[in-house]
Amino acid sequence: MLDTILQNRFAVTAVLLFGVGFMNLLLQQNLLRKVVGFNIMDSAVFLLLASLGYIEGHTAPVVEEGAAYAAYYINPIPSGLVLTGIVVSVSLTAFSLALIQRIYRRYGTIDLLELMERAKKEDD
Amino acid sequence: MRPFVENFPFFSIFLALVAGILCATLKRGRAAYFLTCTVCGIITLLSGAVLAYTFQNHLRFSYIMGRFPIPYGNAIAAGPLQALLTTTFSLVMILALAGGQRDLFHDILPEKLPFYCVMVNMLEAALLALVYTDDIFTGYVFIEISTIAACALVMAKDNGPNLIATIRYLFMSLMGSGLFLIGITFLTSATGYLLMPTAAEAVARLRESGAYLFPLTTAGGLIVAGLGIKSAMFPFHMWLPDAHGGATTTSSAILSGLVLKGYITLLLTMMLRVFTLDFFQETGLTNVILLFGLLGMVFGSVGAIHEHHIKRMLAYSSVAQIGYIFMGFGLGTTAGIAAACFHILVHACCKPLLFCCAGRLSTVSAHHHSLKHLRGSAYRDITAGVGFTVGALSMIGIPLLGGFVSKLYLASASLPSGYTFFVLLVLALSTVLNALYYIPALLAIWLRPSPQEEQALLADAAPEQLAFDRPFTAAAVVLILGLFVLGILCQPIMDMIEAGLALY
Numbered sequence: 001m002l003d004t005i006l007q008n009r010f011a012v013t014a015v016l017l018f019g020v021g022f023m024n025l026l027l028q029q030n031l032l033r034k035v036v037g038f039n040i041m042d043s044a045v046f047l048l049l050a051s052l053g054y055i056e057g058h059t060a061p062v063v064e065e066g067a068a069y070a071a072y073y074i075n076p077i078p079s080g081l082v083l084t085g086i087v088v089s090v091s092l093t094a095f096s097l098a099l100i101q102r103i104y105r106r107y108g109t110i111d112l113l114e115l116m117e118r119a120k121k122e123d124d
Numbered sequence: 001m002r003p004f005v006e007n008f009p010f011f012s013i014f015l016a017l018v019a020g021i022l023c024a025t026l027k028r029g030r031a032a033y034f035l036t037c038t039v040c041g042i043i044t045l046l047s048g049a050v051l052a053y054t055f056q057n058h059l060r061f062s063y064i065m066g067r068f069p070i071p072y073g074n075a076i077a078a079g080p081l082q083a084l085l086t087t088t089f090s091l092v093m094i095l096a097l098a099g100g101q102r103d104l105f106h107d108i109l110p111e112k113l114p115f116y117c118v119m120v121n122m123l124e125a126a127l128l129a130l131v132y133t134d135d136i137f138t139g140y141v142f143i144e145i146s147t148i149a150a151c152a153l154v155m156a157k158d159n160g161p162n163l164i165a166t167i168r169y170l171f172m173s174l175m176g177s178g179l180f181l182i183g184i185t186f187l188t189s190a191t192g193y194l195l196m197p198t199a200a201e202a203v204a205r206l207r208e209s210g211a212y213l214f215p216l217t218t219a220g221g222l223i224v225a226g227l228g229i230k231s232a233m234f235p236f237h238m239w240l241p242d243a244h245g246g247a248t249t250t251s252s253a254i255l256s257g258l259v260l261k262g263y264i265t266l267l268l269t270m271m272l273r274v275f276t277l278d279f280f281q282e283t284g285l286t287n288v289i290l291l292f293g294l295l296g297m298v299f300g301s302v303g304a305i306h307e308h309h310i311k312r313m314l315a316y317s318s319v320a321q322i323g324y325i326f327m328g329f330g331l332g333t334t335a336g337i338a339a340a341c342f343h344i345l346v347h348a349c350c351k352p353l354l355f356c357c358a359g360r361l362s363t364v365s366a367h368h369h370s371l372k373h374l375r376g377s378a379y380r381d382i383t384a385g386v387g388f389t390v391g392a393l394s395m396i397g398i399p400l401l402g403g404f405v406s407k408l409y410l411a412s413a414s415l416p417s418g419y420t421f422f423v424l425l426v427l428a429l430s431t432v433l434n435a436l437y438y439i440p441a442l443l444a445i446w447l448r449p450s451p452q453e454e455q456a457l458l459a460d461a462a463p464e465q466l467a468f469d470r471p472f473t474a475a476a477v478v479l480i481l482g483l484f485v486l487g488i489l490c491q492p493i494m495d496m497i498e499a500g501l502a503l504y
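Residue numbers (this note's numbering), protein chains in the order written: chain A, 1 to 124; chain B, 1 to 504.
By construction, these hints were calculated from the structure, which means they are not laboratory data.
Computed footprint of chain B on chain A; a stretch qualifies when at least three of its residues, placed anywhere within it, have a C-beta under 8 Å from a C-beta of chain B:
no. : region
1   : 18-25
2   : 46-54
3   : 84-91
4   : 110-119
In silico contact screen, one side only, chain B against chain A (beta carbon under 7 Å); selected entries:
no. : residue
5   : Leu-174
6   : Gly-178
7   : Leu-181
8   : Ile-182
From chain A, some residues computed to sit far from chain B (all C-beta separations above 10 Å):
no. : residue
9   : Leu-6
10  : Gly-57
11  : His-58
12  : Val-63
13  : Glu-65
14  : Ala-70
15  : Ala-71
Here a beta-carbon is modelled for each residue, glycine too, at the ideal position from N, C-alpha and C.
Take the sequences, apply the hints, and build the full model.
Okay, structure coming up:
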């Protein structure tokens, strides 16, 4: 049991972190904390992806002068996915922060429940 | 040398992206608007050519991006069904832009209009890519692009409640894409590939050997849940009514009619091309989809009955219609999926028509949205009244209209399954519920109010808003015709869908 957990320590950590981030995103009422939750969730996925491609003792797949030694390299595809994922996650974070700033300027609060009540009043 | 027409899917995605960048440099909103419409028109023609080519030659082709052959690199795959969907989507995109044109120029600041058009183009590119992609991770990237663009379309009408609806929409979407991302990560860890053909081979090998069945099922479940949240599958639909109901007419029409369908198409691709239907049935995932679909059909309509704000009512009705589509998927048979695909087309025509007409009806009623203020508005713009009526009748399922045919196909697809009784019961119940909220709405718009009431209402309406709206009328007429074509010429369209599914 303990051995299995130790062997899969990256996957276990990633799943735990994903859970923490997801619940934060779902349950927090403070908009900024939701954004933090989203970032934790995405980092968990990146950790899992990076650990998937990593092979103990191998190096980064940088080809020198045309000579490629497949046996020495880690699997580069998951690393590529992590890079793309980070770009996506950064742009979404930026977008949500900009939106939160705009909401704060208009309403003076970033508590979702309060905001929804205010919006309902405005609608009536 | 490949036939030239095989480049068209890539061209259309690229064209939409370039048009988005060009729009950002334009200063005049009107120029950006016409550029967007033109580009959508060109994409419709290109997709139409792909449809003719693939349907006549009965083939599906894969187009490799760059010079890296499959299992590496990135690819696009197009067959008759994909081409049919993209043709419809881009055509409806133009019609939504035309149908809501006056509202668009009214609701959005002139200096912001080019940016709005940027987002429409990005959304078009994302939709096309979601339909055509043959690579799961590319699918994820375009899901996120369409999330940002869709949120921007909701918040474009810059007022308080809209901002809050946007942030709720954004966080729900982030949750959905997070689940999808971890789902595809599990899938890679079991299969090692993210390009669909190789991933499918790996899944088939794993199923044969029986290894890693649990991770595969988990991955499938997470992907269904993620895309389900994004396409407003029943228990995750709470964000939809505010986001779709509050936005400007064009945004509502595009979001309800098209964006939800992009995610559903990706789910369909994952179901058919990567996991295969048998796998979904063996693991019981289709039953989950069926259950949520059936619940959505009922509760979406119940939500709509309680709503007096016309656009929010239509938004709730979208939840019910998405339920129909998921029900078709949940039957787990090719017939069910073909019926669901037909319903995607019907809803893509019907909901934009309803939203554009509702937008126009409230414009001629001094921008009021509640049903009691819309009394007699159909007489102030006959086309909008007729359009709304045709759309509502199609939703209820009156023969000769598209909605009737898709219900018929769904019902007959349910016959060989083990759930015939439930499916038919819910289908009948949902039809009654649809009638329960669409008929009062129809009565409201067609019953004349007393002259004093009408005068009081129109006192603060600007005369130029009451004037004849040519782009709207043209768009509404085309969409009405579209519904009749889907209702009467259903057989040829169904042939295309079935050919597409056979080649998926």
